[in-house]
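Asker: So you can see what is in the structure, the chains are spelled out below.
2 protein chains.
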Amino acid sequence: MSTMNVYAIPLLQENLSLIEDRMRSRVSPQHLPDLRAALDHLLSAGGKRIRPTVIVLSGTMLGAPREKIISLGAAVEMLHTATLVHDDLIDGALLRRGMPTLNARWSPAATVLTGDYLFACAAHLAAEIGSLEIMEAFSETLMVIVNGELSQLFGGRGLWSREHYYQRIYAKTASLFEMSTRAVGLISSMERREVELLAEMGHHIGMAFQIMDDVLDFTSEQLALGKPVGSDLRQGLITLPAIYYIEEYPDDPYVRALLRGEWQDEKVVDRLIEAIRNSQALKQAQEEARYYVSQALDILHGFPMCSERQALEEIIHFVVERNV
Amino acid sequence: MSTMNVYAIPLLQENLSLIEDRMRSRVSPQHLPDLRAALDHLLSAGGKRIRPTVIVLSGTMLGAPREKIISLGAAVEMLHTATLVHDDLIDGALLRRGMPTLNARWSPAATVLTGDYLFACAAHLAAEIGSLEIMEAFSETLMVIVNGELSQLFGGRGLWSREHYYQRIYAKTASLFEMSTRAVGLISSMERREVELLAEMGHHIGMAFQIMDDVLDFTSEQLALGKPVGSDLRQGLITLPAIYYIEEYPDDPYVRALLRGEWQDEKVVDRLIEAIRNSQALKQAQEEARYYVSQALDILHGFPMCSERQALEEIIHFVVERNV
Numbered sequence: 027m028s029t030m031n032v033y034a035i036p037l038l039q040e041n042l043s044l045i046e047d048r049m050r051s052r053v054s055p056q057h058l059p060d061l062r063a064a065l066d067h068l069l070s071a072g073g074k075r076i077r078p079t080v081i082v083l084s085g086t087m088l089g090a091p092r093e094k095i096i097s098l099g100a101a102v103e104m105l106h107t108a109t110l111v112h113d114d115l116i117d118g119a120l121l122r123r124g125m126p127t128l129n130a131r132w133s134p135a136a137t138v139l140t141g142d143y144l145f146a147c148a149a150h151l152a153a154e155i156g157s158l159e160i161m162e163a164f165s166e167t168l169m170v171i172v173n174g175e176l177s178q179l180f181g182g183r184g185l186w187s188r189e190h191y192y193q194r195i196y197a198k199t200a201s202l203f204e205m206s207t208r209a210v211g212l213i214s215s216m217e218r219r220e221v222e223l224l225a226e227m228g229h230h231i232g233m234a235f236q237i238m239d240d241v242l243d244f245t246s247e248q249l250a251l252g253k254p255v256g257s258d259l260r261q262g263l264i265t266l267p268a269i270y271y272i273e274e275y276p277d278d279p280y281v282r283a284l285l286r287g288e289w290q291d292e293k294v295v296d297r298l299i300e301a302i303r304n305s306q307a308l309k310q311a312q313e314e315a316r317y318y319v320s321q322a323l324d325i326l327h328g329f330p331m332c333s334e335r336q337a338l339e340e341i342i343h344f345v346v347e348r349n350v
Numbered sequence: 027m028s029t030m031n032v033y034a035i036p037l038l039q040e041n042l043s044l045i046e047d048r049m050r051s052r053v054s055p056q057h058l059p060d061l062r063a064a065l066d067h068l069l070s071a072g073g074k075r076i077r078p079t080v081i082v083l084s085g086t087m088l089g090a091p092r093e094k095i096i097s098l099g100a101a102v103e104m105l106h107t108a109t110l111v112h113d114d115l116i117d118g119a120l121l122r123r124g125m126p127t128l129n130a131r132w133s134p135a136a137t138v139l140t141g142d143y144l145f146a147c148a149a150h151l152a153a154e155i156g157s158l159e160i161m162e163a164f165s166e167t168l169m170v171i172v173n174g175e176l177s178q179l180f181g182g183r184g185l186w187s188r189e190h191y192y193q194r195i196y197a198k199t200a201s202l203f204e205m206s207t208r209a210v211g212l213i214s215s216m217e218r219r220e221v222e223l224l225a226e227m228g229h230h231i232g233m234a235f236q237i238m239d240d241v242l243d244f245t246s247e248q249l250a251l252g253k254p255v256g257s258d259l260r261q262g263l264i265t266l267p268a269i270y271y272i273e274e275y276p277d278d279p280y281v282r283a284l285l286r287g288e289w290q291d292e293k294v295v296d297r298l299i300e301a302i303r304n305s306q307a308l309k310q311a312q313e314e315a316r317y318y319v320s321q322a323l324d325i326l327h328g329f330p331m332c333s334e335r336q337a338l339e340e341i342i343h344f345v346v347e348r349n350v
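Residue numbers (the numbering used here), protein chains in the order written: chain W, 27 to 350; chain E, 27 to 350.
Be aware that one or more of the hints could be misleading.
For identical chains, the list gives no copy identity; a pair is met inside one copy or between any two copies.
[As the list claims (entries may be wrong)] Quick list of in silico lysine to any residue cross-link-like pairs, SDA-like style, CA-CA up to 25 Å:
no.: 1; residue 1: Lys198; residue 2: Pro59
no.: 2; residue 1: Lys198; residue 2: Leu58
no.: 3; residue 1: Lys293; residue 2: Leu37
no.: 4; residue 1: Lys309; residue 2: Glu189
no.: 5; residue 1: Lys293; residue 2: Gln321
no.: 6; residue 1: Lys198; residue 2: His57
no.: 7; residue 1: Lys94; residue 2: Glu159
no.: 8; residue 1: Lys198; residue 2: Ser54
no.: 9; residue 1: Lys293; residue 2: Gly181
no.: 10; residue 1: Lys198; residue 2: Arg62
no.: 11; residue 1: Lys94; residue 2: Glu154
no.: 12; residue 1: Lys198; residue 2: Ser51
no.: 13; residue 1: Lys198; residue 2: Gln56
no.: 14; residue 1: Lys74; residue 2: Met125
no.: 15; residue 1: Lys198; residue 2: Asp60
no.: 16; residue 1: Lys309; residue 2: Phe180
no.: 17; residue 1: Lys74; residue 2: Glu46
FYI, nobody ran anything at the bench for these hints, they're computed from the structure.
In isolation and in its complexed conformation, chain W is listed as follows:
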């Protein structure tokens, strides 16, 4: 956020609040107090809210009806939150954004069902947008996301291939960004060609976002992320920085040990994380994220200049310049 404060954009903050209100409106008085408190916490805990921000800014830029922007933003963020609830359960994560996860306090049963409830809410919010095409895209995206997680669970550990990596981060992150900006195009009644360009823009933002997440996993201190440095590699997930390092030093004995499947050996992984942190691999990965950002900006620059477009540029830059 170098040159301007994007949240000074007229109505952005207000629209983000409306999205949050819309999400929280699904927590009803009929819910038991415990559950109500947990849902309230989940839906207002926030995080970066980058998806709703991209949706509000691009939707406003393109003149989409406000009501549909709010429903779309709430549906996407709700879907994202639902996937996080099940992810944290699966990973046994106890902290998220520095706060205890649902499964840190609750039984697996309650956590599974709460995630399911949020999926149902997300589908309901998506239906409110009033477009069958968006509804189909929405459910397809959820299929892609869950499929990606299943593939990772069944066969993704210890694999290092660029193709596999790009597929995985597409499923995990870029697919939902892509769906979001495609849906923005649809609710703005853009022409088909522009809808596809917008989808591509979202795709690039998502790819850049996830690559940066993977870089930050190596560079951020435990305090900022709430998990140990190099946590992906510790779980056998080989992300882009590790791929660059492996390509550069295929004969490093620790690389060889890793590729033999010894990623559960703490010494091997500690040594590799240190080596990656001291190598050019992180810079190379960040460069690649910047390349996706430049592709996204190229598309964005095809739309007329306005304060929302400028704010969106800032947000897209922020994706690769952030340090949390």
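Following the hints, complete the assembly by docking chain E onto the known chain W.
Answerer: Just chain E, lined up with the frame of chain W:
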């Protein structure tokens, strides 16, 4: 199935096969072999397929487009299957329909994600029907189902109240039947009043179905159900037969023990199950299920006679006359 074989109805069997094919078409070659096998198993294991049967018969009776009948049947059965996968995980059930459940073989992580994948497929199938109103009803129904399970998890054990019981079985079973027949009305372009009547018919069928399930939990042998006799009460779930018994014998010392919360005491529960089995309570509960059936039939009889209507009558009778 007393007087006729409903499966002799022209096209019923064929339509049910098409529904199964449609469900299985979501299992793609990109899935890993393990997962493909598990999905295949889940989607073809069958069960009674009562929901698709009701949808096919009532849809054909009302002249709905066949393509939409298939999508609706597949969407509803997929949603039902998804909820079963998470239910079995939550209950730790190892058998369903006499076959090992997913969680009996797989990790909780894989089971959670497989359920999520089936939810996504269900939403996608529902979107294919091409009606936003159905899509909204569909996601609302999922909210009702999951909400019911959450309420049960957080506060439902050991509670005995009719109001609570009816709410619970509506959420668990009747809501999805109601949504199914409402959707049949919508794809058949019925008038609003008829759509509501159809929804009511589905509601009554669902209530009768669940009450009979609760009766069968007391009467069926372990072999037929794949779980011990009285398994609901053993888990602290007080269903209609137990409610009738409690109302009749409030001073029975075992009833008092139960209501003091001693439902985890095996002696208390064994004694009560025996007593309920030997009492009028099961007959009374079954009578109540028959009352719902008669209400459903009253509505059905408002539609012109045809072979599908006759088959639907048989199916509705079967709901309360079945012994598994």
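Asker: I want to check one pair: Lys198 and Arg62. Are their C-alpha atoms no more than 25 Å apart within a copy, between two copies, both, or neither?
Answerer: between (28 Å within a copy, 20 Å between copies)
Asker: Tell me, please, which holds for Lys198 and His57 at an alpha-carbon limit of 25 Å: within, between, both or neither?
Answerer: Answer is between; shortest inter-copy Cα gap is 16 Å, intra-copy 31 Å.
Asker: Please sort Lys94 with Glu154 into within, between, both or neither, judging by C-alpha distance up to 25 Å.
Answerer: For Lys94 and Glu154, the Cα distance is within 25 Å both inside one copy (8 Å) and across copies (21 Å).
Asker: Please sort Lys94 with Glu159 into within, between, both or neither, judging by C-alpha distance up to 25 Å.
Answerer: Both, since 14 Å and 17 Å are each at most 25 Å.
Asker: State whether the alpha carbon distance between Lys74 and Glu46 is at most 25 Å within one copy, between copies, both, or neither.
Answerer: For Lys74 and Glu46, only the intra-copy Cα distance (13 Å) is at most 25 Å; the inter-copy one is 42 Å.
Asker: Given identical chains, is Lys198 near Pro59, meaning Cα to Cα at most 25 Å, within a copy, between copies, both, or neither?
Answerer: between (33 Å within a copy, 21 Å between copies)
Asker: For Lys309 and Phe180, with the copy left unspecified, which applies at a CA distance of at most 25 Å: within, between, both, or neither?
Answerer: neither (31 Å within a copy, 49 Å between copies)
Asker: When Cα atoms must be at most 25 Å apart, do Lys309 and Glu189 count as within-copy, between-copy, both, or neither?
Answerer: Within. Shortest intra-copy distance 20 Å satisfies the 25 Å Cα cut-off; inter-copy 63 Å does not.
Asker: Between Lys198 and Leu58, at a C-alpha cutoff of 25 Å, which is it: within one copy, between copies, both, or neither?
Answerer: Between copies only: 17 Å across, 32 Å inside.
Asker: Checking an output row: Lys198 and Ser54, CA cutoff 25 Å. Within, between, both or neither?
Answerer: between (30 Å within a copy, 19 Å between copies)
Asker: Treating 25 Å as the Cα threshold, decide for Lys74 and Met125: within, between, both or neither.
Answerer: Within one copy only: 14 Å inside, 45 Å across.
Asker: Up to 25 Å between alpha-carbons, please classify Lys198 paired with Ser51: within, between, both or neither.
Answerer: Cα proximity of Lys198 and Ser51: across copies only (23 Å, versus 27 Å in one copy).
Consistency with the previously given hints fails for numbers 3, 5, 16, ordered from lowest to highest.
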